[in-house]
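Using the sequences and the hints given, assemble the complete structure.
There are 2 protein chains.
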Amino acid sequence: MPDTAEEYLVTQLKNAHALEQMSLRMTAAASKAAEDDQLRKIFDTHHQQTETHERLIRERLEAHGEGPSALKDIAARVAAVGKGAAAVVPDDKPGRIVRDGYIQEQTEIASYELLRRIADRTGDRETVRAAERILEDEREAAAKLAHNWERAAELSLQAAVGGR
Amino acid sequence: MPDTAEEYLVTQLKNAHALEQMSLRMTAAASKAAEDDQLRKIFDTHHQQTETHERLIRERLEAHGEGPSALKDIAARVAAVGKGAAAVVPDDKPGRIVRDGYIQEQTEIASYELLRRIADRTGDRETVRAAERILEDEREAAAKLAHNWERAAELSLQAAVGGR
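So the protein sequences, as listed, match chains A and B. According to my numbering, the first sequence holds residues 443 to 606 in order. According to my numbering, the second sequence holds residues 443 to 606 in order.
A few of these clues could be false.
Where chains are identical, the list cannot tell them apart; a pair therefore holds if satisfied intra-copy or between any two copies.
[Stated by the list, open to error] DSSO-like mimics (lysine-lysine), calculated; alpha carbons at most 30 Å apart, straight line: (1) LYS586 - LYS483; (2) LYS474 - LYS456; (3) LYS586 - LYS456.
If you're looking for bench data, these hints aren't it; they were derived computationally from the structure.
Take a look at the structure:
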């Protein structure tokens, strides 16, 4: 393969790693903010899964000769996204954490759907396997959150009506 | 219902309207950027649907006594989100527009899943109906984009390898 295909794969891996770092922060913050045991459990479980995902992707980056130092430039990008997302967030905690969690999972699903196909076309079977494994967890987490729209709406409305 | 529930519903409607405005820009930009007829058609079709969605939500805002002037403060938030999203976007056009389009649809799905339940609990049947109608279109658009991961990966890799 030409160098550019390899470079492209590495760019996608860096992007995936940035998303995992963002997910680690998001799941920790959501668990802390959740005043509901059922929601907290979803975020705690997924935080543990995300620690594994971050490691899997970091190992793939290392396999492509990219050390942790190469990840430094992504911190600013992660911060920018967080800032952007926070800007549209209304101040309803339960609805917000379920919605933002769902969007984060769907963002990762989109990224891994692309990554696994790019890895497949560049012959990197290990990355294909890592992406497929992570995709399963992300889909499960998204489905769990999507089962909680009713609960999130109820808790948000209670907070809006009773909390002022 | 107490005033706060009404206020909360209006906040959610404003948020939905901001998302529709963002979606109008995104679908127009994606259609322009798409160098692939199949992808362009998806974005063109959804742009037309989005014009209807923007109107439906604007009408619901007006029904709650909120004129277009109340939407001004949202422009800055929309811009911030766009800036945040652009910050993590790698420079692979086909993959990027499919991924970002998918994330935009999922963001709207999450928002309307909450909105329709909040509207139901505050007795606003018209908003429930609008949210349900829009949800159908968003799900259809997300599914169409998700059918194009393979194409997006192929075109992105071609662009990365052949385009430099």
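Item to complete: Mind listing which of the numbered hints don't hold for this structure, in increasing order?
Response: Hint check: nothing fails, all pass.
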